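> Okay, here's what each chain looks like letter by letter:
Protein chains: 2
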Amino acid sequence: MEGRGKKRGKIVLAEGTFDLLHYGHIHYLTNAKRAGGKNAKLIVIVARDKTVERLKGRKPVLPEDQRRAIVESLKVVDEAILGYEDMDMYKVIEKIKPDVIALGYDKINLEKELKRYVKERGLNIEIVRVSKFDSIEPNSSSSIRKKIIEAYQSQMSRDKAP
Amino acid sequence: MEGRGKKRGKIVLAEGTFDLLHYGHIHYLTNAKRAGGKNAKLIVIVARDKTVERLKGRKPVLPEDQRRAIVESLKVVDEAILGYEDMDMYKVIEKIKPDVIALGYDKINLEKELKRYVKERGLNIEIVRVSKFDSIEPNSSSSIRKKIIEAYQSQMSRDKAP
Chain Z
19 MEGRGKKRGK IVLAEGTFDL LHYGHIHYLT NAKRAGGKNA KLIVIVARDK TVERLKGRKP
79 VLPEDQRRAI VESLKVVDEA ILGYEDMDMY KVIEKIKPDV IALGYDKINL EKELKRYVKE
139 RGLNIEIVRV SKFDSIEPNS SSSIRKKIIE AYQSQMSRDK AP
Chain C
19 MEGRGKKRGK IVLAEGTFDL LHYGHIHYLT NAKRAGGKNA KLIVIVARDK TVERLKGRKP
79 VLPEDQRRAI VESLKVVDEA ILGYEDMDMY KVIEKIKPDV IALGYDKINL EKELKRYVKE
139 RGLNIEIVRV SKFDSIEPNS SSSIRKKIIE AYQSQMSRDK AP
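These protein sequences, in sequence, are chains Z and C. Per the numbering used here, the very first residue in the first sequence carries number 19; after that it's consecutive. Per the numbering used here, the very first residue in the second sequence carries number 19; after that it's consecutive.
None of these hints come from the bench; they were simulated from the model. Check the hints yourself; a few may be wrong.
Taking lysine to aspartate or glutamate pairs in the EDC-like style, the calculated list, with each CA pair at most 20 Å apart, reads [as the list claims (entries may be wrong)]:
(1) Lys93/C <-> Asp96/Z
(2) Lys68/C <-> Asp67/Z
(3) Lys93/C <-> Asp83/Z
(4) Lys74/Z <-> Asp177/C
(5) Lys77/Z <-> Asp96/Z
(6) Lys165/C <-> Glu90/Z
(7) Lys164/Z <-> Asp67/C
(8) Lys133/C <-> Glu112/C
(9) Lys74/Z <-> Glu168/C
(10) Lys164/Z <-> Asp177/C
(11) Lys93/Z <-> Asp83/C
(12) Lys77/C <-> Glu131/Z
(13) Lys93/C <-> Glu144/Z
(14) Lys74/C <-> Asp177/Z
(15) Lys93/Z <-> Glu97/C
(16) Lys165/Z <-> Glu97/C
(17) Lys178/Z <-> Glu168/Z
(18) Lys165/Z <-> Asp83/C
(19) Lys164/C <-> Glu168/Z
(20) Lys93/Z <-> Asp96/C
(21) Lys77/C <-> Glu168/Z
(22) Lys178/Z <-> Glu168/C
(23) Lys77/C <-> Asp83/Z
(24) Lys165/C <-> Glu138/Z
(25) Lys93/Z <-> Asp67/C
(26) Lys109/Z <-> Glu131/Z
(27) Lys164/C <-> Asp96/Z
(28) Lys165/Z <-> Glu71/C
(29) Lys164/C <-> Glu131/Z
(30) Lys109/C <-> Glu138/C
(31) Lys150/Z <-> Asp83/C
(32) Lys59/Z <-> Glu144/Z
(33) Lys165/C <-> Glu71/Z
(34) Lys28/C <-> Asp83/C
(35) Lys150/C <-> Asp83/Z
Here the structure is a predicted model, which means the values were calculated and not measured.
Please work from the sequences and hints to get the whole structure.
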């Protein structure tokens, strides 16, 4: 397996919703690919609409096909695929056979789960978490939504004023 | 000038705000580059925050540095630069010396202005407008904002209900 890495570059798997693209996403994906070293190939799993709705209680603003196409149009991304509806990471791991799984900075529980899974099965997969990029605002899809709603509220109160 | 195009590919200039990236942006930029033929180089001017505020009456959600960096992280884009604050396309044209200027589908007036400018000066620049991509929703930054505000209003009325 070590030799394989030298020849063709490691396969890195990253994942997320990628609704309302901001610089934090680019930062995450760039560092995810970097975690695979030279000639790494970055494959990104984009969460299905139904998965997002189930986990976050609301639909994404952009539909899954658009989110996938936008992620795949980024220079740093080699391939973007839609996840399974039940977001079973293990099915994806079996299919992709990554050398590295690079998670977002806040995926602490998922990191623990994956490390346990990999250890139990004796798989040669490195699990890493990428540091947060927080020097630029807005740096999350929820802060983008918040900013839009605040601008709308401020507009409404200006319109109501005599 | 014809020979130059064969050797190094044409330089295509595109422009926009690119706040809240959606698939319409990718469509526009892909077709803009295509308008330059084989080996074209796509340079994108990203509008300054102050220009957007002056023309549209509100600030973009994402600041100009983020918008520029996100546009430059797209595969189809070779270079993204911030515009001049007064959005003087003519200064940009003098600097970049494009072979083609590819405008968004709705830039009808700008197309007329640029065609007149190019004709008056006898410049060898082709001005094209790219067709709209409207088969996927949301396909504009304003429809993204609308969707977020509607979801917020619907949430508010659910919270108020007994």
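> Hint by hint, note whether the structure agrees.
For each hint, the structure was consulted:
| no. | hint | in the structure |
| --- | --- | --- |
| 1 | Lys93/C <-> Asp96/Z | holds (10 Å) |
| 2 | Lys68/C <-> Asp67/Z | violated (35 Å) |
| 3 | Lys93/C <-> Asp83/Z | holds (18 Å) |
| 4 | Lys74/Z <-> Asp177/C | holds (17 Å) |
| 5 | Lys77/Z <-> Asp96/Z | violated (26 Å) |
| 6 | Lys165/C <-> Glu90/Z | violated (24 Å) |
| 7 | Lys164/Z <-> Asp67/C | holds (19 Å) |
| 8 | Lys133/C <-> Glu112/C | holds (15 Å) |
| 9 | Lys74/Z <-> Glu168/C | holds (17 Å) |
| 10 | Lys164/Z <-> Asp177/C | holds (17 Å) |
| 11 | Lys93/Z <-> Asp83/C | holds (18 Å) |
| 12 | Lys77/C <-> Glu131/Z | violated (42 Å) |
| 13 | Lys93/C <-> Glu144/Z | violated (28 Å) |
| 14 | Lys74/C <-> Asp177/Z | holds (17 Å) |
| 15 | Lys93/Z <-> Glu97/C | holds (12 Å) |
| 16 | Lys165/Z <-> Glu97/C | violated (28 Å) |
| 17 | Lys178/Z <-> Glu168/Z | holds (15 Å) |
| 18 | Lys165/Z <-> Asp83/C | holds (17 Å) |
| 19 | Lys164/C <-> Glu168/Z | holds (13 Å) |
| 20 | Lys93/Z <-> Asp96/C | holds (10 Å) |
| 21 | Lys77/C <-> Glu168/Z | holds (12 Å) |
| 22 | Lys178/Z <-> Glu168/C | holds (19 Å) |
| 23 | Lys77/C <-> Asp83/Z | violated (28 Å) |
| 24 | Lys165/C <-> Glu138/Z | violated (44 Å) |
| 25 | Lys93/Z <-> Asp67/C | violated (25 Å) |
| 26 | Lys109/Z <-> Glu131/Z | holds (14 Å) |
| 27 | Lys164/C <-> Asp96/Z | violated (32 Å) |
| 28 | Lys165/Z <-> Glu71/C | holds (15 Å) |
| 29 | Lys164/C <-> Glu131/Z | violated (38 Å) |
| 30 | Lys109/C <-> Glu138/C | holds (16 Å) |
| 31 | Lys150/Z <-> Asp83/C | holds (18 Å) |
| 32 | Lys59/Z <-> Glu144/Z | holds (15 Å) |
| 33 | Lys165/C <-> Glu71/Z | holds (15 Å) |
| 34 | Lys28/C <-> Asp83/C | violated (27 Å) |
| 35 | Lys150/C <-> Asp83/Z | holds (18 Å) |
The structure is inconsistent with the numbered hints 2, 5, 6, 12, 13, 16, 23, 24, 25, 27, 29 and 34, although it conforms to all the rest.
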